[in-house]
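**Student:** Chain residues, written in single-letter form:
There are 2 protein chains.
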Amino acid sequence: MFKLYYAPGTCALATHIALEEAGAPYEAVRVDFGSQAQRSPEYLAINPKGRVPALVTESGTLTETPALLVFVAQRFPAAELAPLSDPFALAQLQEFNNYLCSTVHVAHAHGRRGARWADDAAAIEAMKRKVSATMTECFELIEQKLLQGPWVMGEQFTICDPYLFTIGTWLEGDGVDTGKLPRVIEHRRRMLARPAVQKAVAAERTQIA
Amino acid sequence: MFKLYYAPGTCALATHIALEEAGAPYEAVRVDFGSQAQRSPEYLAINPKGRVPALVTESGTLTETPALLVFVAQRFPAAELAPLSDPFALAQLQEFNNYLCSTVHVAHAHGRRGARWADDAAAIEAMKRKVSATMTECFELIEQKLLQGPWVMGEQFTICDPYLFTIGTWLEGDGVDTGKLPRVIEHRRRMLARPAVQKAVAAERTQIA
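Protein sequences appear in the order of chains A and B.
Just so we're aligned: 453 in the working numbering is position 159 of the first sequence, and the numbers increase by one with no gaps anywhere.
Just so we're aligned: 298 in the working numbering is position 4 of the second sequence, and the numbers increase by one with no gaps anywhere.
With the rest of the complex left out, here is chain A (with noise of 0.2 Å):
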């Protein structure tokens, strides 16, 4: 039994529903943002970064969500997740995963987590303003080149569509204008029509437009 310690309106969520859509056996524990408890001692034994989302598994404790997403996919293969013998396929997969967490979820990250990367208030507030323009910019790579249709990678679901459903979840609330992104929309109702999202959004209590 895994246990996924997440937090809601994180993207934690990506991996909560990749273990639900691959049938795994897991527990899904809410780390209270609200108090700090990812700064908590008992919370940094298990994930030194203090951060979600944290996999225990029955080897050891895993973070980083494209990780956590393959991890996924080659433990429950029958759930077929990832094209994992297609080296130039799974490439393609993680490349879009990749674009996701290293320039797409870290755009967003300046609207509130500024902090990390300036201790000055006026520079915290002017990366504040740019959010919405660089979260159009990059959906617009993703509406108009990367996302494939009817999923991300195509015909075939793949961990790339709990995660860009995930980090598009953000959207209204980084002020971008989602009437411009008519594929990105239709593929977050696609999700939300899923069973597997549903359990997973319904357990995270996260409201999605």
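Among the clues, some could well be false.
The list treats identical chains as interchangeable, and a pair is accepted whether it falls inside one copy or across any two copies.
Unchecked claim - Derived lysine-lysine pairs resembling DSS-like cross-links, with alpha carbons at most 30 Å apart:
(1) 474 <-> 343
(2) 439 <-> 424
(3) 424 <-> 343
(4) 422 <-> 493
(5) 439 <-> 297
Read the hints as simulated data drawn from the structure, not as lab findings.
What you are looking at is a predicted structure, and each value in this text was computed from that prediction instead of being measured.
Chain B: place on chain A using the hints.
**Tutor:** Using the frame of chain A, we list chain B on its own:
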């Protein structure tokens, strides 16, 4: 024959080294950042993100360093650059590389590419001032917890090693006191003793302390 698009001083060096370690057939093509060649229509046709690395393969073009590294390992399995059939071990490897791309590389980028995240000149200066602290924090975690030794993942040389080495070449420029990172610096020396590393470094004509 692959084509690796790179620029000196960038994270493309990690893939460059991995291709050498794998004995892969490739040609390295320099993208001249001095003349903003990464923004030229010719290069944007290869990589719409306008960044390096990009790897042109017989099946198409791939980007994003962690994706490229697993691709090289999987395409050239004889080089044994990743524990591809062990889901937990592969996830640990990906967790490390993902930390480098989404946290460490991002911390570094605030010293040179602050305009990605704010338009205000004072904010961009404020970001520069924090790089030495954030890079120090990241590398203390690597020094104390993540680098198992002698290689990142322990006894086995993997695709984590060229990536750590590459990002580690930025430490002095980022104002990090490497005297407090003896294990990271030992890892650098161990890397520089490998013929594949020497060849890639010489080809890029990068100066490394």
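**Student:** Each hint should be assessed against the structure and marked as holding or not.
**Tutor:** Hint check results:
no.	hint	in the structure
1	474 <-> 343	between (36 Å within a copy, 20 Å between copies)
2	439 <-> 424	within (23 Å within a copy, 34 Å between copies)
3	424 <-> 343	both (26 Å within a copy, 19 Å between copies)
4	422 <-> 493	neither (32 Å within a copy, 43 Å between copies)
5	439 <-> 297	between (35 Å within a copy, 22 Å between copies)
In this structure, the one hint that does not hold is number 4.
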